[in-house]
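Per our numbering, the sequence shown starts with residue 91, numbered consecutively.
Keep in mind that the hints are not guaranteed to be accurate.
Simulated DEER-style distance windows between Cβ atoms [claimed, not checked]:
| # | residue 1 | residue 2 | range |
| --- | --- | --- | --- |
| 1 | Asp437 | Ser504 | 14 to 22 Å |
| 2 | Gly321 | Thr225 | 46 to 54 Å |
| 3 | Asp188 | Ser288 | 30 to 38 Å |
| 4 | Glu176 | Asp315 | 45 to 53 Å |
| 5 | Asp399 | Asp510 | 35 to 43 Å |
| 6 | Asp308 | Ser504 | 19 to 27 Å |
| 7 | Gln476 | Ser172 | 23 to 31 Å |
Cross-link-like lysine to any residue pairs, in silico, SDA-like; alpha carbons within 20 Å at most [said to hold, decoys possible]:
| # | residue 1 | residue 2 |
| --- | --- | --- |
| 8 | Lys313 | Cys326 |
| 9 | Lys313 | Ala292 |
| 10 | Lys512 | Val430 |
| 11 | Lys201 | Tyr287 |
| 12 | Lys201 | Gln255 |
| 13 | Lys201 | Thr343 |
| 14 | Lys289 | Ala397 |
| 15 | Lys313 | Asn282 |
| 16 | Lys201 | Leu167 |
| 17 | Lys289 | Cys318 |
| 18 | Lys289 | Ala304 |
| 19 | Lys201 | Ala348 |
| 20 | Lys289 | Ile309 |
| 21 | Lys201 | Ile179 |
| 22 | Lys201 | Ala217 |
| 23 | Lys201 | Pro240 |
| 24 | Lys429 | Lys512 |
| 25 | Lys201 | Ser244 |
| 26 | Lys201 | Leu187 |
| 27 | Lys201 | Asp174 |
| 28 | Lys313 | Val420 |
| 29 | Lys289 | Phe386 |
| 30 | Lys429 | Leu517 |
| 31 | Lys313 | Phe395 |
| 32 | Lys313 | Leu373 |
| 33 | Lys313 | Val430 |
| 34 | Lys289 | Thr357 |
| 35 | Lys512 | Val440 |
| 36 | Lys201 | Ile190 |
| 37 | Lys512 | Asp437 |
| 38 | Lys512 | Arg446 |
| 39 | Lys201 | Ala271 |
| 40 | Lys512 | Thr424 |
Because the hints were derived from the structure by calculation, they are not lab data.
No residue lacks a Cβ here, since even glycine has one placed at the ideal position from N, Cα and C.
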Amino acid sequence: MGSFNWQDEESGWDAAEQKQDPSPKTISIGRTRFAPRGLTVLFILFLFGLVGFAWWQVQSTETELDAAVMESWQIILDSEASGDGELLINQLSGRDLDWIQMQQMLLREDKLVHRGELLPTLNAAPASEDALQATVEFAPNLAEAVLTHPVVYSDPIGRQFVLNQDEIFRLGTDRWLLSPAEASYWGEQSSNESFSYSKRFAYISPERDADVVAQFIDIFEEKLDQTCLDGFIIACHQTDTPQVTLRFAPTLTDAILAADFQFNDRTFILPSPSLVGMPDSELAAELLAQAYADEFLEDYLLVLFQANDVESSQFLRTVTNYALQQSGGVSPLTIADFKVVAEELNDIEVAFNQNRVLGDGTNGFQQFMDIPVQTTFRIMMFYRMQTPKLSPQIILDQYLRVAEQPFFPEVLLSPNEWDDFKRFVELRAAIEN
Numbered sequence: 091m092g093s094f095n096w097q098d099e100e101s102g103w104d105a106a107e108q109k110q111d112p113s114p115k116t117i118s119i120g121r122t123r124f125a126p127r128g129l130t131v132l133f134i135l136f137l138f139g140l141v142g143f144a145w146w147q148v149q150s151t152e153t154e155l156d157a158a159v160m161e162s163w164q165i166i167l168d169s170e171a172s173g174d175g176e177l178l179i180n181q182l183s184g185r186d187l188d189w190i191q192m193q194q195m196l197l198r199e200d201k202l203v204h205r206g207e208l209l210p211t212l213n214a215a216p217a218s219e220d221a222l223q224a225t226v227e228f229a230p231n232l233a234e235a236v237l238t239h240p241v242v243y244s245d246p247i248g249r250q251f252v253l254n255q256d257e258i259f260r261l262g263t264d265r266w267l268l269s270p271a272e273a274s275y276w277g278e279q280s281s282n283e284s285f286s287y288s289k290r291f292a293y294i295s296p297e298r299d300a301d302v303v304a305q306f307i308d309i310f311e312e313k314l315d316q317t318c319l320d321g322f323i324i325a326c327h328q329t330d331t332p333q334v335t336l337r338f339a340p341t342l343t344d345a346i347l348a349a350d351f352q353f354n355d356r357t358f359i360l361p362s363p364s365l366v367g368m369p370d371s372e373l374a375a376e377l378l379a380q381a382y383a384d385e386f387l388e389d390y391l392l393v394l395f396q397a398n399d400v401e402s403s404q405f406l407r408t409v410t411n412y413a414l415q416q417s418g419g420v421s422p423l424t425i426a427d428f429k430v431v432a433e434e435l436n437d438i439e440v441a442f443n444q445n446r447v448l449g450d451g452t453n454g455f456q457q458f459m460d461i462p463v464q465t466t467f468r469i470m471m472f473y474r475m476q477t478p479k480l481s482p483q484i485i486l487d488q489y490l491r492v493a494e495q496p497f498f499p500e501v502l503l504s505p506n507e508w509d510d511f512k513r514f515v516e517l518r519a520a521i522e523n
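The task is simple: from the sequences and hints, build the whole structure.
And the structure:
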């Protein structure tokens with residue numbers, strides 16, 4: 091059929107007519123031209139019919155498969171809603187035991203469907219089912235599918251945005267199974283990783299997330315530039331900034347699940363954006379970048395301090411956190427933190443009146459009270475933020491003057507403010523979540 095040429099066939103018919111009778115015959119010519127054109131029309135209609143039938147079959151098949159994938163996904167949703175690990179395990183591919191164990195851990199942590207909560211400052215927000223319809227895209231062989239479901243999150247100050255989270259399904263013997271992503275999902279390169287440099291960082295990400303990660307890095311750099319603007323971070327002005335690598339990992343680990351995003355050999359490991367969900371807008375990208383920044387910039391600034399021989403301490407962490415809040419970061423404080431400090435106010439007052447920092451045993455001084463030092467300092471800083479003239483630079487200067495001493499810095503709280511601070515803590519501790 092592929093070698094059949096109607097134009098050639100038309101030429102052949104014309105030539106045959108001319109050989110039989112060179113004189114023009116209207117009826118003969120009419121028959122000669124009508125037959126191939128009529129057959130052409132019929133053939134084209136036949137082809138359209140075949141294509142239409144094939145399209146209908148494909149659409150019908152994909153509709154059925156789509157329903158089957160959604161059925162498996164609903165069972166997974168039900169398993170998380172009920173915390174039923176056995177129900178979940180029946181919907182998982184068995185090809186990777188470590189991956190199976192991670193899905194079970196995500197289920198126990200209520201993060202299987204809302205992986206954005208791997209970043210501690212994000213919380214899933216309620217939304218209507220109509221607004222969060224999942225979509226399914228099939229591979230050409232119809233044996234693999236990517237289900238994408240949008241999830242609404244809110245940051246600590248209530249701003250909401252949407253992340254699109256992918257789930258990989260593969261066709262099993264009798265149902266669609268949630269499965270680990272193949273290497274090809276993360277990119278076409280053999281390593282599936284993109285390695286780049288910015289002003290301060292080296293950063294590594296899966297190839298598929300490279301553009302989003304580059305956008306995040308730009309936001310991180312802007313925040314650090316703003317924080318360094320008034321000379322707050324001494325290391326910002328040194329010639330050799332310590333090389334820190336940010337690795338956006340495509341595989342979840344126990345540390346990532348526990349939000350333990352710590353430096354290891356100056357490499358900071360974070361979950362890749364496709365793991366927590368891809369932003370659906372510029373605003374979502376900015377707020378997601380902020381959620382990442384809240385998790386590591388404070389530690390990064392401490393690395394810069396240490397490079398300038400300024401030892402890390404609980405108070406220094408408080409100062410850096412405050413500086414980052416000024417550049418759009420958020421305070422890590424919760425109502426639970428206020429309750430913890432409220433319960434220890436008597437011991438904190440003793441330490442305060444003795445002008446001693448207690449509870450962490452740093453700088454060679456023996457701790458003799460178990461008070462929550464870092465949380466107390468953060469709350470004092472939050473209290474002090476009501477004074478507009480207080481800047482991170484002022485606090486840093488105070489810290490550097492007395493860094494070798496055990497002290498309750500008066501820059502955070504003066505003696506005549508203790509009663510007011512005490513009421514401040516107790517009122518917020520009484521607020522229900």
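A quick look at each hint next to the structure:
no.: 1; hint: Asp437 - Ser504: 14 to 22 Å; result: holds (20 Å)
no.: 2; hint: Gly321 - Thr225: 46 to 54 Å; result: holds (50 Å)
no.: 3; hint: Asp188 - Ser288: 30 to 38 Å; result: holds (32 Å)
no.: 4; hint: Glu176 - Asp315: 45 to 53 Å; result: holds (52 Å)
no.: 5; hint: Asp399 - Asp510: 35 to 43 Å; result: holds (37 Å)
no.: 6; hint: Asp308 - Ser504: 19 to 27 Å; result: violated (41 Å)
no.: 7; hint: Gln476 - Ser172: 23 to 31 Å; result: violated (45 Å)
no.: 8; hint: Lys313 - Cys326; result: holds (12 Å)
no.: 9; hint: Lys313 - Ala292; result: holds (17 Å)
no.: 10; hint: Lys512 - Val430; result: holds (13 Å)
no.: 11; hint: Lys201 - Tyr287; result: violated (32 Å)
no.: 12; hint: Lys201 - Gln255; result: holds (12 Å)
no.: 13; hint: Lys201 - Thr343; result: holds (13 Å)
no.: 14; hint: Lys289 - Ala397; result: holds (17 Å)
no.: 15; hint: Lys313 - Asn282; result: violated (29 Å)
no.: 16; hint: Lys201 - Leu167; result: holds (11 Å)
no.: 17; hint: Lys289 - Cys318; result: holds (14 Å)
no.: 18; hint: Lys289 - Ala304; result: holds (12 Å)
no.: 19; hint: Lys201 - Ala348; result: holds (11 Å)
no.: 20; hint: Lys289 - Ile309; result: holds (12 Å)
no.: 21; hint: Lys201 - Ile179; result: holds (16 Å)
no.: 22; hint: Lys201 - Ala217; result: holds (17 Å)
no.: 23; hint: Lys201 - Pro240; result: holds (14 Å)
no.: 24; hint: Lys429 - Lys512; result: holds (12 Å)
no.: 25; hint: Lys201 - Ser244; result: holds (15 Å)
no.: 26; hint: Lys201 - Leu187; result: holds (19 Å)
no.: 27; hint: Lys201 - Asp174; result: holds (14 Å)
no.: 28; hint: Lys313 - Val420; result: holds (13 Å)
no.: 29; hint: Lys289 - Phe386; result: holds (17 Å)
no.: 30; hint: Lys429 - Leu517; result: holds (10 Å)
no.: 31; hint: Lys313 - Phe395; result: holds (17 Å)
no.: 32; hint: Lys313 - Leu373; result: holds (16 Å)
no.: 33; hint: Lys313 - Val430; result: violated (31 Å)
no.: 34; hint: Lys289 - Thr357; result: holds (16 Å)
no.: 35; hint: Lys512 - Val440; result: holds (13 Å)
no.: 36; hint: Lys201 - Ile190; result: holds (14 Å)
no.: 37; hint: Lys512 - Asp437; result: holds (12 Å)
no.: 38; hint: Lys512 - Arg446; result: holds (18 Å)
no.: 39; hint: Lys201 - Ala271; result: holds (18 Å)
no.: 40; hint: Lys512 - Thr424; result: holds (17 Å)
Checked against the numbered hints given earlier, the structure breaks hints 6, 7, 11, 15 and 33 and satisfies all the rest.
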